[in-house]
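> Sequence:
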Amino acid sequence: MTAGDGAWAAVAPLDELRVRARGADAAQANPELAAYLDAAGLHIARLDEAEELTLRMTRFPELSFAHLHAPAARVEWTRGGEARGRTAIVLCTNGRLTVESSGAVLHRRPGMFLLPPGDDPVTFETHAPLSELLCITAPAALVAGLELAPRSTPRPPLSPSALTPLYAFATSLSGGSASGAIAPLRSAAMEVARALARLIAESDPGELTPFTRAMRLIDEGYADPRLSVPRLAHMIGVSERSLQAVFAAEGTSVAKELRATRARAARELRRARPHAPAHQIATAVGFGSVSSLYRAIDGDVPRARA
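According to my numbering, the residues represented by the sequence shown are 203 to 508, in order.
Fair warning: there could be bad hints in the mix.
[To be verified] If you anchor each label on the Cβ, the simulated ranges turn out as follows:
1. Thr280 x Ser493: 44 to 50 Å
2. His481 x Glu234: 38 to 44 Å
3. Ala346 x His309: 16 to 22 Å
4. Glu251 x Arg469: 42 to 48 Å
5. Asp227 x Thr300: 21 to 27 Å
6. Ala346 x Gly282: 20 to 26 Å
[As the list claims (entries may be wrong)] No farther apart than 25 Å at their CA atoms in a straight line, the calculated lysine to any residue pairs in the SDA-like style are these:
7. Lys458 x His481
8. Lys458 x Glu393
9. Lys458 x Arg428
10. Lys458 x His436
11. Lys458 x Leu387
12. Lys458 x Val440
13. Lys458 x Ile499
14. Lys458 x Ala425
15. Lys458 x Gly439
16. Lys458 x Ala342
17. Lys458 x Ala397
18. Lys458 x Tyr496
19. Lys458 x Leu419
20. Lys458 x Pro427
21. Lys458 x Asp426
22. Lys458 x Leu429
23. Lys458 x Ala447
24. Lys458 x Phe413
25. Lys458 x Arg418
26. Lys458 x Pro341
27. Lys458 x Arg433
28. Lys458 x Asp421
29. Lys458 x Ala486
30. Lys458 x Val431
31. Lys458 x Pro412
32. Lys458 x Ile483
33. Lys458 x Arg497
34. Lys458 x Pro432
35. Lys458 x Asp500
36. Lys458 x Ile420
37. Lys458 x Ser493
38. Lys458 x Gln446
39. Lys458 x Val448
It is worth saying that the hints were derived from the structure and are not from the lab.
Glycine is no exception: its CB is placed at the ideal position from the N, C-alpha and C atoms.
Could you build all of it, start to finish, from the sequences and the hints given here?
Structure, rendered in structure tokens:
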């Protein structure tokens, strides 16, 4: 989340940022936290002094994980400038959190919130005595291709067994060190964040259409060079002709979406590892050759929406 152009990028990656404070003034007296809040467009409007705020954060370029125990508080996110292109995930595992905005807020029990990119201000409010939160901010690419339309009926609560391993990784990352391992940890962190976004936003597998199921499999398996129309059709239990027809009805094709997904992954990997050879990037994202990688990047197109 970035208030002004370039402000987010100007904040250096944080290594084991830890804050303990009572009240908003004490929290914002921490220079590193104050710089982060300013760059993110966040303002602590109220922070109860009866209990101590504790916060641990790790930040990679464009991606941050924060784990905190917060007393009753009100935090406002203005979402100006580059913040319009930021995605936020907030999990409340203990206590109570409310999230208010005139824009899209996707909610799934227990206590999971996803805020897609947008420019509508958001207010986060925790309630006494203490709430335990995991907060993740990421670029808009995190939610590319996910179903982000508001739902008319609430989704069933998520089973703890589906959330526990992802939450364990994220909380351990927020309190750990990124020194010397930024690129591999960042890639893993991005995958965990995307998995959490999908759990909040999308239907469970039994509710998905063939198109959405195929797109999910492409998102999960694009790095496998063997992924193809026959294999996708077999995985979702339809004929190849039926699968091609499903994609044609959406104005696209399996090959086009697979190629575009790999191209986006290649760009993301290039940003994370700017000195990696092109052949390594091509192999890592499922392309059979460097030339096919370059052709796909030149012809990348936005994916169809379900």
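> Between the alpha carbons of Lys458 and Arg497, is the straight-line distance 25 Å or under?
holds, 12 Å
> Starting from Lys458, check that the Cα of Ala342 is at most 25 Å away, please.
holds, 21 Å
> Checking one constraint from the list: CA of Lys458 to CA of Pro432, max 25 Å. Satisfied?
Measuring from Cα to Cα gives roughly 15 Å; hence the hint holds.
> If you draw a straight line from the CA of Lys458 to the CA of Asp421, is it 25 Å or shorter?
holds, 13 Å
> Is it true that the CA of Lys458 sits at most 25 Å from the CA of Tyr496?
Holds, at about 14 Å.
> Given the hint that Lys458 pairs with Gln446, test it: the Cα-Cα distance must not exceed 25 Å.
holds, 11 Å
> Within a Cα-Cα threshold of 25 Å, do Lys458 and Ala397 meet the stated pairing?
holds, 23 Å
> Take the C-alpha atoms of Lys458 and Ala447, compute the straight-line distance between them, and say whether it is at most 25 Å.
holds, 14 Å
> Does the Cβ pair Ala346, His309 satisfy 16 to 22 Å?
At 21 Å between Cβs, range holds.
> For a C-alpha distance cap of 25 Å, please report whether Lys458 and Glu393 respect it.
holds, 22 Å
> Would you mind confirming whether the straight-line C-alpha gap from Lys458 to Ile420 stays at or under 25 Å?
holds, 11 Å
> Return holds or violated for the Cβ distance of Thr280 and Ser493 against the range 44 to 50 Å.
holds, 45 Å
Comparing the model with each earlier hint shows a violation of hint 11 alone; every other hint is respected.
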